[in-house]
Amino acid sequence: MADENIMKTNQTTIANSADNKLLELSLKRRSIRRYTDEVIDENVINNIMKVALTAPSSFGHRPVEFVIVKDKETIQKLADCKSLGGSQIIGADAVIVVMVNQDRGEFWIEDGAIASSYILLAAEQYNVGACWVQIRNRRGLKKTSDEEIRDLLNIPDNYAVLNLVALGGKGEQKKAYTENDFDKNKIHYEKY
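First residue of the sequence shown? That's -1 in my numbering, and the numbers climb one at a time after it.
Derived from the structure by calculation, the hints contain no laboratory data.
Misleading hints may appear alongside valid ones.
Said to hold, decoys possible - Simulated pairs of lysine to aspartate or glutamate, DMTMM-like, Cα-Cα distance not exceeding 20 Å:
#1 K172 with E22
#2 K75 with D35
#3 K70 with E108
Unchecked claim - Here are the simulated distance ranges between beta carbons:
#4 N41 with K140: 36 to 42 Å
#5 E108 with K172: 25 to 31 Å
#6 N125 with K184: 26 to 32 Å
#7 K184 with S56: 24 to 30 Å
#8 I185 with E36: 35 to 41 Å
#9 N18 with L82: 36 to 42 Å
#10 N152 with E177: 21 to 27 Å
#11 D155 with Y190: 18 to 24 Å
What you are looking at is a predicted structure, and each value in this text was computed from that prediction instead of being measured.
Ideal Cβ positions, reconstructed from N, Cα and C, are used throughout, including at glycine.
Please take these sequences and the hints and turn them into a complete structure.
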């Protein structure tokens, strides 16, 4: 009972504290679609990817893998693999291709989405601009976006490309969310 009270007290202290780092990151994180010429330090990219590798996955299978693309010509080709909306990665210093081994279960979309969310928050921790670009169920120039990206990057057929995450220096500034932006009517307890 004493341990439970200590845990509850610690949770309340953190919830009421200005030191809620995850909430701070979540409030500041916004999709950035314009980038500066800034080169992201390799250590920063490595640390972002370490965070991505900690993302939970269904049954602990860890089916999510990544291709990090820094070559500008290849980034342009990746953008061309999506007939609408691919331009959001142009100008990024790096693009992370999020792919999932489909041999490892039915929850590949969820597994890839969780890892991508971790990347977005980790990027914000380093003040790196980031944007999710949807690939699943999108069209490329001749095939699906997924097929064109797999062809371009030699990704095996048993993998599906869920999305891309562009990373770069923030070429635009967006206001952080505030408590006033929370629609608390979207939160329900016990029943709708």
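Quick rundown of the hints versus the structure:
no., hint, result
1, K172 with E22, "holds (15 Å)"
2, K75 with D35, "holds (19 Å)"
3, K70 with E108, "violated (29 Å)"
4, N41 with K140: 36 to 42 Å, "holds (38 Å)"
5, E108 with K172: 25 to 31 Å, "holds (27 Å)"
6, N125 with K184: 26 to 32 Å, "holds (29 Å)"
7, K184 with S56: 24 to 30 Å, "holds (26 Å)"
8, I185 with E36: 35 to 41 Å, "holds (38 Å)"
9, N18 with L82: 36 to 42 Å, "holds (37 Å)"
10, N152 with E177: 21 to 27 Å, "violated (47 Å)"
11, D155 with Y190: 18 to 24 Å, "violated (42 Å)"
The earlier numbered hints that this structure contradicts are 3, 10 and 11.
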